[in-house]
Every structure is written in structure tokens, then in C-alpha cells.
Amino acid sequence: MIRLIGIDPGLRNTGWGIIDCDGNRLAHVADGAVHSKSKDPLAARLSQLYDGLAEVIARYGPAEAAIEETFVNVNAVSTLKLGQARGIALLAPARAGLVVAEYSPNVIKKSVVGAGHAAKQQVQMMVSTILPGCLASSADAADALAIAICHAHHRTAPALKLAAGEAAL
412 MIRLIGIDPG LRNTGWGIID CDGNRLAHVA DGAVHSKSKD PLAARLSQLY
462 DGLAEVIARY GPAEAAIEET FVNVNAVSTL KLGQARGIAL LAPARAGLVV
512 AEYSPNVIKK SVVGAGHAAK QQVQMMVSTI LPGCLASSAD AADALAIAIC
562 HAHHRTAPAL KLAAGEAAL
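Counting from 412, one number per residue, gives the positions in the sequence shown under the numbering used here.
Source of the hints: derived by calculation from the structure; they are not laboratory data.
Check each hint, because a few of them may be wrong.
[Unchecked claim] Once the Cα atoms are required to be at most 25 Å apart in a straight line, the calculated SDA-like pairs of lysine to any residue come out as:
(1) K448 <-> A465
(2) K492 <-> A507
(3) K521 <-> R566
(4) K492 <-> E480
(5) K521 <-> A507
(6) K448 <-> A474
(7) K448 <-> C432
(8) K450 <-> V510
(9) K521 <-> H564
(10) K448 <-> D431
(11) K521 <-> T540
(12) K521 <-> Q533
(13) K450 <-> G498
(14) K521 <-> A550
(15) K492 <-> G544
(16) K450 <-> D462
(17) K521 <-> G443
(18) K450 <-> G494
(19) K531 <-> A512
Turn these sequences into a full structure, and let the hints steer you where they fit.
As C-alpha cells, then:
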């Protein structure tokens, strides 16, 4: 069995979801979101996100992490801020010694729903179907659980196994 964390980066709310993966069986462990105070300076907000993610990682002890890749917004300032939050979302698990995988939004949706352009509601419904009894605490947490599920399905790739220190098949 291996414990995985999915992280959905955002400057205001960074969602996280923890699942246990035992072969092809997945189980919900916990989920939530780390929040930053919108009135604080950017550096303080990024520090809040880092501290929150580091606390979650220390508490639940995942072995691997997965993060959604950034999509480009029309607004360049928003894209830059999201990129900075994403940097923190990459840094926190890396500093904890975790292998960090990255997946595009379309790959995540296709892994969970079966369609790369699925609506948010479809993703949330499938997360609760794949993880029975899971009622994600927020949309950000549901997205993070979807990222963890995607990673559970894709982590058998030989390059990822070698990066995680596992023996190649």
C-alpha cells in the first residue's frame, strides 16, 4: 500500500487530498484546503500556503505527490500569481523528500471521468464514486483528490517507478 497526496494549486485556496492505493483499490484518507489571507502581501500568502502544505504532509505522511499543471489564463497577472502558488505546491512535497508528478487538467479529467473536457460537477461526482463514502470538503479538495486518483492510475509508468526508487519491471 502507498499513500498519495494530490495538490490543486491556487493562491487563495490550495486544495489537497490524501488517498491510500493498494493495487487497484483506492481509499479516501483525508482532504481539505490550505487558505491564504487575501489582504496579506504576496510573500506572506505564499508562506501561509507552504506552511499549511508542509503541515498536511507531515501529518499524513504521503510517499508521493501529484500536482495539476498550470493552464494559461487570459490575464497574465493571474497566471503569474497561480504560477507562484504552484511553485509552493511543488516545493512543499519536494522539501519533504517526495517524488512529485505533474498532470495536465485534461489527463486528470480523462483519468477520473473518461473525458478530457469533463465539467467540474462530473469530476466531483466521479471522485465520490471512486472513493465511496468520500464527501470532499470543497471543490478544491475534490479536484485535489482527482489529481491523486489520476496519479494512482499513472504511477506505474517505468520512469516514475525508477524516480521513486522502485525496481523496474
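Hint-by-hint comparison with the structure:
1. K448 <-> A465: With a Cα-Cα distance of about 17 Å, the restraint between K448 and A465 holds, given a limit of 25 Å.
2. K492 <-> A507: holds, 23 Å
3. K521 <-> R566: holds, 15 Å
4. K492 <-> E480: Holds, because 14 Å separates the two Cα atoms, which is no more than 25 Å.
5. K521 <-> A507: Judged against 25 Å, a Cα distance of about 29 Å means the pair is violated.
6. K448 <-> A474: violated, 29 Å
7. K448 <-> C432: Measuring from Cα to Cα gives roughly 33 Å; hence the hint is violated.
8. K450 <-> V510: violated, 33 Å
9. K521 <-> H564: holds, 11 Å
10. K448 <-> D431: violated, 31 Å
11. K521 <-> T540: Given pair K521, T540 holds - Cα atoms ~15 Å apart, limit 25 Å.
12. K521 <-> Q533: This hinted pair holds, its Cα atoms lying about 11 Å apart.
13. K450 <-> G498: holds, 20 Å
14. K521 <-> A550: holds, 18 Å
15. K492 <-> G544: violated, 34 Å
16. K450 <-> D462: holds, 18 Å
17. K521 <-> G443: Holds: K521 and G443 sit about 23 Å apart, inside 25 Å.
18. K450 <-> G494: Given that 25 Å is the threshold and the Cα spacing comes to 19 Å, the pair holds.
19. K531 <-> A512: holds, 22 Å
Violated hints, in rising order: 5, 6, 7, 8, 10 and 15; the structure is consistent with all others.
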